[in-house]
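The listed protein sequences derive, respectively, from chains A and B.
Just so you know, this note's numbering puts 512 at position 278 of the first sequence, and the rest follows in order with no gaps.
Just so you know, this note's numbering puts 147 at position 26 of the second sequence, and the rest follows in order with no gaps.
Worth flagging that the hints you see were computed from the coordinates, not collected in a lab.
Note that the structure is a prediction, hence the values are computed from the model and not measured.
Possibly wrong hints are sitting among the right ones.
Not the full set, but computed from the structure, chain B residues with beta-carbon under 8 angstroms of chain A [stated by the list, open to error]:
no., residue
1, P189
2, Q195
3, C215
4, G218
5, Y221
6, N232
7, C236
8, G238
9, M253
10, P301
11, K304
DSS-like mimics (lysine-lysine), calculated; alpha carbons at most 30 angstroms apart, straight line [said to hold, decoys possible]:
no., chain 1, residue 1, chain 2, residue 2
12, A, K364, B, K324
13, A, K364, A, K464
14, B, K304, A, K522
15, B, K131, B, K324
16, A, K464, B, K335
17, B, K304, B, K153
18, A, K522, B, K131
19, B, K131, A, K364
20, A, K522, A, K364
21, B, K335, B, K304
22, B, K153, B, K131
23, A, K460, A, K364
24, A, K522, A, K464
25, B, K304, A, K464
Where chain A lies over chain B, by a calculated footprint (3+ residues, C-beta under 8 angstroms) [what the hints assert, rightly or not]:
no., segment
26, 152-161
27, 176-187
28, 198-212
29, 239-247
30, 323-336
Yeah, the Cβ is synthetic: ideal placement off N, Cα and C, and Gly gets one too.
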Amino acid sequence: MHPAPSVILFSVLSGAGFGLLFYLGFGLAHPSGWAAFLWWGLGYALAVIGLSASTFHLGNPQRALLAFSQWRSSWLSREAWTSVAALVLLAPMALSDWLGLGLPRGFGWPGAVLALGTVFTTSMIYAQIKAVPRWHLWLTPVMFLTFALAGGAVLAGQSFAPVLLAVLLVVLLAIWQVGDGQFARRAQTLGTATGLDRIGTVTVFEQAHTAGNYLLREMIFVVGRKHAQKLRGLAMVLTCLLPAVALAISTGWWAFVAAAVCHITGALAARWLFFAEAEHVVGLFYGKR
Amino acid sequence: MTTLPTHTEKKLGLAIDLDTCVGCQACVTACKGWNDQGYGVPLSDQNPYGADPSGVFLNRVHSYAVQPIDGAAQTINFPRSCLHCDDAPCVTVCPTGASYKRAEDGIVLVNEDACIGCGLCAWACPYGAREMDAAAGVMKKCTLCVDRIYNENLPEEDREPACVRGCPTGARHFGDFADPDSKVSRLSAERGGYALMPDLGTKPVNRYLPPRKKDVPYEASVLAPLLDIKASGFAGWLDRVLGKI
Ligand code: SF4
Ligand code: SF4
Ligand code: SF4
Numbered sequence: 235m236h237p238a239p240s241v242i243l244f245s246v247l248s249g250a251g252f253g254l255l256f257y258l259g260f261g262l263a264h265p266s267g268w269a270a271f272l273w274w275g276l277g278y279a280l281a282v283i284g285l286s287a288s289t290f291h292l293g294n295p296q297r298a299l300l301a302f303s304q305w306r307s308s309w310l311s312r313e314a315w316t317s318v319a320a321l322v323l324l325a326p327m328a329l330s331d332w333l334g335l336g337l338p339r340g341f342g343w344p345g346a347v348l349a350l351g352t353v354f355t356t357s358m359i360y361a362q363i364k365a366v367p368r369w370h371l372w373l374t375p376v377m378f379l380t381f382a383l384a385g386g387a388v389l390a391g392q393s394f395a396p397v398l399l400a401v402l403l404v405v406l407l408a409i410w411q412v413g414d415g416q417f418a419r420r421a422q423t424l425g426t427a428t429g430l431d432r433i434g435t436v437t438v439f440e441q442a443h444t445a446g447n448y449l450l451r452e453m454i455f456v457v458g459r460k461h462a463q464k465l466r467g468l469a470m471v472l473t474c475l476l477p478a479v480a481l482a483i484s485t486g487w488w489a490f491v492a493a494a495v496c497h498i499t500g501a502l503a504a505r506w507l508f509f510a511e512a513e514h515v516v517g518l519f520y521g522k523r
Numbered sequence: 122m123t124t125l126p127t128h129t130e131k132k133l134g135l136a137i138d139l140d141t142c143v144g145c146q147a148c149v150t151a152c153k154g155w156n157d158q159g160y161g162v163p164l165s166d167q168n169p170y171g172a173d174p175s176g177v178f179l180n181r182v183h184s185y186a187v188q189p190i191d192g193a194a195q196t197i198n199f200p201r202s203c204l205h206c207d208d209a210p211c212v213t214v215c216p217t218g219a220s221y222k223r224a225e226d227g228i229v230l231v232n233e234d235a236c237i238g239c240g241l242c243a244w245a246c247p248y249g250a251r252e253m254d255a256a257a258g259v260m261k262k263c264t265l266c267v268d269r270i271y272n273e274n275l276p277e278e279d280r281e282p283a284c285v286r287g288c289p290t291g292a293r294h295f296g297d298f299a300d301p302d303s304k305v306s307r308l309s310a311e312r313g314g315y316a317l318m319p320d321l322g323t324k325p326v327n328r329y330l331p332p333r334k335k336d337v338p339y340e341a342s343v344l345a346p347l348l349d350i351k352a353s354g355f356a357g358w359l360d361r362v363l364g365k366i
């Protein structure tokens, strides 16, 4: 699948943002005064920047409001609802922390749950696609949620962040391990896709068209996979190891900033791989994956 | 509404005959020609005369080489367009309600006025039947020529999809698969018509009719012993001389 920068940016930033908002909403991190303004502001900024980045890849963003209409069937529509609901419901808590209004913490809980819910709906947009075997996996929501929880913990300065980073490392290894065999497990080949395996061994004789098209650009992305192993290593080091080490050796602000920057950079690499390595079954018709 | 109808009265679709298809691409051209000026925005092309042209088509024809275990290899041409699936995943993922399946005849359509061009439906389709229009930013797909099949302004014989009408070998058949007596249902039953990737659970309506069994070489050469007569006399001399040149 084509790793569109806007979608990668969106899912990483908003994932980390909603993760942070989850901790703030639940009161696991409870800054006050201007510190609260900064922390809540960071959470909101990441979530909103992420959401608006996601509109960049739309063909007709001016109609985006229509995306709220199909929550009964569409995960993308549900994501629209949960994200807006989370941001709205958390606002009183954010104001209370900032201005010291002393609202009971329970006010933040529904929003906190919805913040994680938003990450879950995002993950289901991918996990529901049967035509992309690597995504159609229960590990996909697990991976998105762990990313949000670990990234949020780093950003919220939680002491248990290194533990969650370790869990994230395990989840990443698992999704790569299981994901690598997913296409083969689906057992779809050019022969089964065309149904011509009932006659014999099928190979491409001539492509359907000599020039490129939307399918080849969007769904049959084959460049850049050769460095996948190196990128995986880099993603693990940047996303999990370096931030965990930084947070373990110091509680100073520089360790916090270094951990946050490393983690987000690594997350971008991991998300790039999530798209670039995913193969759509339509590639079979072209003899490419 | 992007929830699917529980039942469609008709199941309009195509039966595509892989035995007769010669891969001439006439259906590709007919489809592009009709749909360029019919339902919704035109099917745009980018850089059509340049080095790297690209454009939207609702129907594409592949060519495959198939090698049976015994017998000669075959070239099989393979048209690919929307299969108007009963359990269409492209419809349920759509966040805006732009993608829908009609309860009356099962045709899967995009209401372009509501499409935000998110591309999710094209991801959800396992068959590559949807292509985004790069100029208008909306999703295009086969309409089963909904603006022909019911069009009373057209002469009766033209009220079928452009690709069906344009096919010189009659390899594409249009009809109602819900009616067991329709031409397409009978054809499919007789010829062992099959659905594509049924294990993905999309329940396609379109059927592909597999190529008929081909003769295998030893069956074709029943007369071979008779043809293998040794030439003698003048013919034999000629045979030897020509063989040496
Ligand atoms: S072939 Fe693809 S676009 Fe057509 S109905 Fe089926 S899933 Fe949808
Ligand atoms: S591209 Fe258009 S039709 Fe397809 S899912 Fe998005 S809004 Fe719906
Ligand atoms: S039915 Fe119409 S829109 Fe569909 S492939 Fe044929 S010509 Fe194109």
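Broken hints, by number:
Hints 5, 6, 10, 11, 14, 16, 18, 25, 26 not satisfied by this model.
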